[in-house]
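> Chain by chain, the residues:
Number of protein chains: 2
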Amino acid sequence: MESDFIQWLRQQLPSSDRLALGPGDDAAVLRIADRADCVVTTDLLTDQVDFVLSDVDPQRVGHKALAVNLSDLAAMAARPVAVVISLALPHKGALELVRALYSGMLPLAERFGVVIAGGDTNSWDGPLVISVTAIGETTEHGPLTRRGAQPGDRILVTGELGGSILGRHLDVEPRCNEALYLHSHHDLHAGIDISDGLSTDLAHITDESRCGAVIDSASIPIADAARTLSATNVDGRLPLEHALNDGEDFELLLAVPPTTAEQIIRDTSLGVPVTDIGEFVTERGLWLVEDGERRPLSPGGYQHRFDP
Amino acid sequence: MESDFIQWLRQQLPSSDRLALGPGDDAAVLRIADRADCVVTTDLLTDQVDFVLSDVDPQRVGHKALAVNLSDLAAMAARPVAVVISLALPHKGALELVRALYSGMLPLAERFGVVIAGGDTNSWDGPLVISVTAIGETTEHGPLTRRGAQPGDRILVTGELGGSILGRHLDVEPRCNEALYLHSHHDLHAGIDISDGLSTDLAHITDESRCGAVIDSASIPIADAARTLSATNVDGRLPLEHALNDGEDFELLLAVPPTTAEQIIRDTSLGVPVTDIGEFVTERGLWLVEDGERRPLSPGGYQHRFDP
Numbered sequence: 001m002e003s004d005f006i007q008w009l010r011q012q013l014p015s016s017d018r019l020a021l022g023p024g025d026d027a028a029v030l031r032i033a034d035r036a037d038c039v040v041t042t043d044l045l046t047d048q049v050d051f052v053l054s055d056v057d058p059q060r061v062g063h064k065a066l067a068v069n070l071s072d073l074a075a076m077a078a079r080p081v082a083v084v085i086s087l088a089l090p091h092k093g094a095l096e097l098v099r100a101l102y103s104g105m106l107p108l109a110e111r112f113g114v115v116i117a118g119g120d121t122n123s124w125d126g127p128l129v130i131s132v133t134a135i136g137e138t139t140e141h142g143p144l145t146r147r148g149a150q151p152g153d154r155i156l157v158t159g160e161l162g163g164s165i166l167g168r169h170l171d172v173e174p175r176c177n178e179a180l181y182l183h184s185h186h187d188l189h190a191g192i193d194i195s196d197g198l199s200t201d202l203a204h205i206t207d208e209s210r211c212g213a214v215i216d217s218a219s220i221p222i223a224d225a226a227r228t229l230s231a232t233n234v235d236g237r238l239p240l241e242h243a244l245n246d247g248e249d250f251e252l253l254l255a256v257p258p259t260t261a262e263q264i265i266r267d268t269s270l271g272v273p274v275t276d277i278g279e280f281v282t283e284r285g286l287w288l289v290e291d292g293e294r295r296p297l298s299p300g301g302y303q304h305r306f307d308p
Numbered sequence: 309m310e311s312d313f314i315q316w317l318r319q320q321l322p323s324s325d326r327l328a329l330g331p332g333d334d335a336a337v338l339r340i341a342d343r344a345d346c347v348v349t350t351d352l353l354t355d356q357v358d359f360v361l362s363d364v365d366p367q368r369v370g371h372k373a374l375a376v377n378l379s380d381l382a383a384m385a386a387r388p389v390a391v392v393i394s395l396a397l398p399h400k401g402a403l404e405l406v407r408a409l410y411s412g413m414l415p416l417a418e419r420f421g422v423v424i425a426g427g428d429t430n431s432w433d434g435p436l437v438i439s440v441t442a443i444g445e446t447t448e449h450g451p452l453t454r455r456g457a458q459p460g461d462r463i464l465v466t467g468e469l470g471g472s473i474l475g476r477h478l479d480v481e482p483r484c485n486e487a488l489y490l491h492s493h494h495d496l497h498a499g500i501d502i503s504d505g506l507s508t509d510l511a512h513i514t515d516e517s518r519c520g521a522v523i524d525s526a527s528i529p530i531a532d533a534a535r536t537l538s539a540t541n542v543d544g545r546l547p548l549e550h551a552l553n554d555g556e557d558f559e560l561l562l563a564v565p566p567t568t569a570e571q572i573i574r575d576t577s578l579g580v581p582v583t584d585i586g587e588f589v590t591e592r593g594l595w596l597v598e599d600g601e602r603r604p605l606s607p608g609g610y611q612h613r614f615d616p
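Sequences listed follow chains A and B, in order.
Here our numbering is used: the first sequence runs in plain steps of one and ends on residue 308.
Here our numbering is used: the second sequence runs in plain steps of one and ends on residue 616.
Don't read these hints as lab results, they were simulated from the structure.
Since the structure is predicted, the reported quantities are computational estimates derived from the model, not experimental observations.
Wrong hints could be hidden among the right ones.
What the hints assert, rightly or not - Derived pair list, reagent style EDC-like, types lysine to aspartate or glutamate, alpha-carbon separation capped at 16 Å: (1) B:K400 <-> B:D433; (2) A:K92 <-> B:D615; (3) A:K92 <-> A:D125; (4) B:K400 <-> A:D307.
Given these sequences and hints, build the entire structure.
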């Protein structure tokens, strides 16, 4: 029964100064810092689209559902505060499943100091659906947005890209601490997390910033998984294409002035490598430089199908 | 395509002083009033459980999904600020459906001054799922909680109860303005919105307030729909039983001192009738007085099935 689970959950949740009230009432009451704005993001994950429940440990699914939302807060350089979690669980095995999902979420929430403030736990005849809404707060540096990249800015990326489907898309490590550190110590002009794919998310920045971008193919940090996928896959896509288009890397993509780029790359306080992959330019559009040649680059990420 | 819809949506949304940023970035940035706390609630609705999409106008489904969340803010006497909306749409007809859903939500959002701050619009092979998270802010009177009912307090309810399945469960009128008015003009001890059913939601108040309640069957405001349902239904349930257990009435259930109860009932500023249906008592439990006899009342609302 739903109520048995809620009782179990309330015992699992640590108390928090942020949570003035909840869970267990009609809504949770959160303390947001003085003079901070409230940053809100939501991501809904479904079985067969964002994960294949029959093939994976549901703890990893729970981890992913929370992590991708925290990654959106990272993209805004917002401090994570709380999440609410709505579930549609298949009737059969619902209690076991919901406990496993939460067992994946609770350690991640604790690690990032995020309150699980409430949720709505439903069961139904359909497959698993997880909807998480994350709430953060701006720091004194304000939010980091997609708008603000300037021609001449360098394009920086954390970590490595491509082939996340081999496992990294589940074991997401949200770059919250890195984003907060970078936003407070360096001059960031714009930022996004790579969820749709480097090419598509770079286009999101250039669209919002009304500029273009040129990336250098040789400098893109290609993940080993992208090479593995390329070697085993039948579709003949190169490791570079995976790095450009696969998505679900959940790395940070940043626009910063050239001197800042050098400072960030030299900054040993960051626990993750940062790579300079190119430059923002005045002319609208995306280009890839490969073997000295510059050719147009089309955003190639995932889009949800809306059939007629 | 998802992106076509997002473009359409951005044209539909009025601007708001509350929305410092969004939709269109990784998260929305909201202005919460100084010294206010942030109130958060979420409700997920699924086809066949909360509505039957094939039988109803999807605009009403959109209206319901938003309204039930606003009703939770009403239950906290919180001022509505913003919502984020996550959808899992069946591939076929996704664009038409999502526009109809939003056409049901937009007028309600406008009427209550609520910003649609963002969302996540997905398509998949499954049935329609709508997950809404609503964010409000406390007033200077603080949140209205389930905790605080005292023995001797009167039990008040707005509107009429029972039979909402005949249509009212879709055309929900959230009692936000009534709750804010009552909380600022009268001394409310505890409150909840009736979503699970009068008996179950009353038990939520008595559980949290560590007291009991006695309700007078003759005073319960029974909706015409409860009588219609009783007359046509084969399960032999009386109109009173529908009013006690049906749920999805989305009326306010309040605990107030006796003098406050009289003041509220005489208060002509409220646009909705308020009825005194009984009393909170020291002894833990729920009782119903019928024809002068007092008998135990079992909470009888809906619970989600968690099968082994």
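> Now, for every hint given, state plainly whether the structure supports it.
Now the hints, each set against the structure:
Restraint check: the Cα-Cα separation between K400 of chain B and D433 of chain B comes to about 9 Å, which is no more than 16 Å; the hinted pair holds. For the proposed pair K92 of chain A and D615 of chain B, the alpha carbon gap of about 5 Å is at most 16 Å, so the pair holds. For the hint linking K92 of chain A to D125 of chain A, the alpha-carbon distance of about 9 Å falls within 16 Å, and the restraint holds. Note on K400 of chain B and D307 of chain A: the hinted pairing holds, with a Cα-Cα distance of about 5 Å set against a maximum of 16 Å.
Comparing the model with each earlier hint shows no violations; every hint is respected.
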